[in-house]
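**Student:** Each chain is listed here by its residues.
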Amino acid sequence: MTMTRRGALKVLGAAAGAAAVTTAEARTPKPSGPDDLGLLFDATRCVGCRACSIACRDANGLAPDVAMIGGAPYDAPADLNGSTLSVIRQWSTESETGYLKAQCMHCADPACSSVCMMGALHKGKRGVVQYDVDRCVGCRNCQIACPFNVPKFQWASASPKIIKCELCRHRWDQGKGPACAEVCPRGAVVSGSRPELLAEAKRRLAAKPAAYQGGIYGETQGGGTACLYLSPVGFAPFGLPALGNEPAPALVETVQHAIYQGAFAPMVLFGTFAIVAWKNRHAVTAAEENDS
Amino acid sequence: MPHPEVAEPSAVTRRDFVKICTAAAASVGMPAWAGEKMAENVAKGKKPSVIWLHFQECTGCTESLLRSSAPDLGELILDLISLDYHETLAAAAGYQFEAVLEKTMKENAGKYVLIVEGSIPLKDDGIYCYVGGHKAIDTVRRVAEKAAAVIAIGSCASWGGIPSSSPNPTGAVGVAQALPGKTVVTLPGCPANPYNLLGTVLQFATFGTLPALDDKGRPKFAYARVIHDDCPRRAHFDNGRFAQAFGDAGHREGWCLYKLGCKGPQTHANCSLLHFCEVPGAWPIGIGHPCIGCTEQGIAFTVPIHQNMPIDRPTAPMAYPNVGGGKGEVGAIAAGLGGLVVGAAAGASYVASRKLNVQVKRAEGEEKKP
Numbered sequence: 056m057t058m059t060r061r062g063a064l065k066v067l068g069a070a071a072g073a074a075a076v077t078t079a080e081a082r083t084p085k086p087s088g089p090d091d092l093g094l095l096f097d098a099t100r101c102v103g104c105r106a107c108s109i110a111c112r113d114a115n116g117l118a119p120d121v122a123m124i125g126g127a128p129y130d131a132p133a134d135l136n137g138s139t140l141s142v143i144r145q146w147s148t149e150s151e152t153g154y155l156k157a158q159c160m161h162c163a164d165p166a167c168s169s170v171c172m173m174g175a176l177h178k179g180k181r182g183v184v185q186y187d188v189d190r191c192v193g194c195r196n197c198q199i200a201c202p203f204n205v206p207k208f209q210w211a212s213a214s215p216k217i218i219k220c221e222l223c224r225h226r227w228d229q230g231k232g233p234a235c236a237e238v239c240p241r242g243a244v245v246s247g248s249r250p251e252l253l254a255e256a257k258r259r260l261a262a263k264p265a266a267y268q269g270g271i272y273g274e275t276q277g278g279g280t281a282c283l284y285l286s287p288v289g290f291a292p293f294g295l296p297a298l299g300n301e302p303a304p305a306l307v308e309t310v311q312h313a314i315y316q317g318a319f320a321p322m323v324l325f326g327t328f329a330i331v332a333w334k335n336r337h338a339v340t341a342a343e344e345n346d347s
Numbered sequence: 002m003p004h005p006e007v008a009e010p011s012a013v014t015r016r017d018f019v020k021i022c023t024a025a026a027a028s029v030g031m032p033a034w035a036g037e038k039m040a041e042n043v044a045k046g047k048k049p050s051v052i053w054l055h056f057q058e059c060t061g062c063t064e065s066l067l068r069s070s071a072p073d074l075g076e077l078i079l080d081l082i083s084l085d086y087h088e089t090l091a092a093a094a095g096y097q098f099e100a101v102l103e104k105t106m107k108e109n110a111g112k113y114v115l116i117v118e119g120s121i122p123l124k125d126d127g128i129y130c131y132v133g134g135h136k137a138i139d140t141v142r143r144v145a146e147k148a149a150a151v152i153a154i155g156s157c158a159s160w161g162g163i164p165s166s167s168p169n170p171t172g173a174v175g176v177a178q179a180l181p182g183k184t185v186v187t188l189p190g191c192p193a194n195p196y197n198l199l200g201t202v203l204q205f206a207t208f209g210t211l212p213a214l215d216d217k218g219r220p221k222f223a224y225a226r227v228i229h230d231d232c233p234r235r236a237h238f239d240n241g242r243f244a245q246a247f248g249d250a251g252h253r254e255g256w257c258l259y260k261l262g263c264k265g266p267q268t269h270a271n272c273s274l275l276h277f278c279e280v281p282g283a284w285p286i287g288i289g290h291p292c293i294g295c296t297e298q299g300i301a302f303t304v305p306i307h308q309n310m311p312i313d314r315p316t317a318p319m320a321y322p323n324v325g326g327g328k329g330e331v332g333a334i335a336a337g338l339g340g341l342v343v344g345a346a347a348g349a350s351y352v353a354s355r356k357l358n359v360q361v362k363r364a365e366g367e368e369k370k371p
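Protein chains in written order, with our numbering: chain A, 56 to 347; chain B, 2 to 371.
Hints may contain errors.
[Unchecked claim] Examples of chain B residues toward chain A, derived with CB under 8 Å:
#: 1; residue: C59
#: 2; residue: R235
#: 3; residue: F238
#: 4; residue: G241
#: 5; residue: A246
#: 6; residue: F247
#: 7; residue: H252
#: 8; residue: G255
#: 9; residue: I312
#: 10; residue: P315
#: 11; residue: T316
#: 12; residue: A317
#: 13; residue: V324
#: 14; residue: A347
#: 15; residue: Y351
#: 16; residue: R355
I should point out that these hints are in silico values taken from the structure, not numbers from a laboratory. None of these values were measured; they are calculated from a predicted model. Where is the CB? At the ideal position from N, CA and C, for every residue including glycine.
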């Protein structure tokens, strides 16, 4: 679908109209769906082989991020970036070290989508937070909004896009799920519907309670994410933010919709501007008449 | 008294023969029952007739085949296939030998396998290679016409090899270019690994089929992956341990040869899994020399042997990015400073606009005075 100028104006007009008629009630957090696709990452199982990162590149047709190390080229992305949807990071505590897979968390109520003025980032089928390049204006608000620092911009490209994991939705037609989960040799990353993954995570926690700490990250954090994490050391060493149970858009949209409710605040603001401008213009005209 | 093996070729029992076939099948990755089927085919008189032609080459591929031992050459050319025409191995010579070629082609028309070793010159109407009074291009076209399968062994026959290196004075090309429209199995290599030929020929002898080929006519069982994928020194590459010069400490430790110009990352072949001459480690990287990319057109005999080449598909290093992909917090002091900057800018612009207004009015007043 190509976005025309007319279409874009329609979107903005509809958004403004919706804002004008919204009531001041608090915006309720959006729940996750029963069929939402997600990933379960178990840090006690990951060995850091990076099969997932390589399979991700193959499945999504992304070029390697080449860095020269000791005179030889390696595919060594420093983090998620314009050509990397999934990366293995290393965490360490005083006594232990291990690996962490990072990719889009597919929040139930995503902040990136809430701030996206054109709806380029939106919740698609099976709860996937997906990107529509035809609607993107390149404002990169999504990059600022995401609590996990996931959406990445293709700075090196002349026609840049926002790059993020979409759980290999282009492979669903072939009956395939996310490529990373398909190739993991240790079952450290598995894909499935969110309720299935939660059940599996709880089963693992119950089977080996001593092996895990901190419960399931993503069950409630930030309003719940479709990608869940299990950890042997809690989640502070993982660099995952300590989010509350309330999704960010619930608060932000409540405040913003209150301000713009009935278009009252904008009318007051722009009305004041209009009066000031009119008075100034009147004063200038009067001064000119006096001079002549 | 003559040598017993020569005097009594029928001394091979059925059991021995099935063993030979099974060993041959196993050596090229076919199951044991394929060996039995091979033996049955031979018993039924279905040994494939093979014609082997030599053109612009060094006979290195034949030499390499002579050194295979499972099956050994005798078993191969006498028991498993019927090698009817091969210029290096023939006992006959001259007109007598050329007559064998004609006879074989006539008797096995549409059934024989043609194996070509060496490139074919096309420049100046192909006058640069004559065998038995015939141009190479004429012979290969004539023999290929009635062949059931055409196999090009070695880089010369596959894509031109050394004779086709710049400036290519004879206009040398591979068999596939000389026979447009014909399916040619290419087995590049300098020399080609004999087991890749045996695998192809024995599959044809047993099942009457050819292996799955890639877009360059190379059997996927041997050429689907690059040397680098299965290199025994790969762990050194992944850990960034490179020999910097021949004979240095790293080279003696058996470190990765990439910086010495190894073409393993670009070269499609199975040398790293299947060594030569059945001696473990007998292949270039095994003896401490970088791969020269002998199977790969555009690399072998073109790119200097010790020139380092970029890697098509780089792999991950042994270092990982740190956690902390999240963003930093905005501190109170930073927020206060930011507020100050914004406030100062707003105040300054207000003052500046006032001054500008006064200046404009003053200028207007001065203009009106005279």
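**Student:** Does each hint hold? Answer for all of them.
**Tutor:** Hint check:
1. The beta carbon of B/C59 is not positioned within 8 Å of any beta carbon in chain A (closest approach about 34 Å), and the interface hint is therefore violated.
2. Checking B/R235 against chain A: minimum C-beta separation of about 12 Å lies over 8 Å; hint violated.
3. Taking 8 Å as the C-beta contact cut-off toward chain A, the hint placing B/F238 at the interface holds, the least distance being around 7 Å.
4. The interface hint given for B/G241 is met, as the beta carbon of that residue sits about 4 Å from the closest beta carbon of chain A, less than 8 Å.
5. Taking 8 Å as the C-beta contact cut-off toward chain A, the hint placing B/A246 at the interface is violated, the least distance being around 12 Å.
6. Below 8 Å, beta-carbon pairs count as interface contacts, and B/F247 has none with chain A, the closest being about 16 Å; its hint is therefore violated.
7. Evaluation of the B/H252 hint against chain A yields a violated restraint, the C-beta minimum of about 15 Å exceeding 8 Å.
8. The closest approach between the C-beta of B/G255 and any C-beta of chain A is roughly 17 Å, which is over the 8 Å cut-off, so the hint fails.
9. Interface hint at B/I312: satisfied, since its Cβ lies 5 Å from the closest Cβ of chain A, which is below the 8 Å cut-off.
10. The restraint placing B/P315 at the interface with chain A holds, with a minimum CB-CB distance near 4 Å, inside the 8 Å limit.
11. Evaluation of the B/T316 hint against chain A yields a held restraint, the C-beta minimum of about 6 Å falling below 8 Å.
12. Residue-level restraint check for B/A317 holds (minimum Cβ-Cβ distance to chain A is 5 Å; threshold 8 Å).
13. At a threshold of 8 Å, the smallest CB-CB gap from B/V324 to chain A is about 3 Å, leaving the interface hint in force.
14. Checking B/A347 against chain A by beta carbon gives a least distance of about 16 Å; that is not within 8 Å, so the hint is violated.
15. Restraint check, B/Y351 versus chain A: the minimum CB separation of about 14 Å is more than 8 Å; hint violated.
16. For B/R355, the interface hint is violated, since its Cβ never comes within 8 Å of a Cβ in chain A; the closest pair sits about 13 Å apart.
Hint compliance for this structure: hints 1, 2, 5, 6, 7, 8, 14, 15, 16 are broken, all remaining hints hold.
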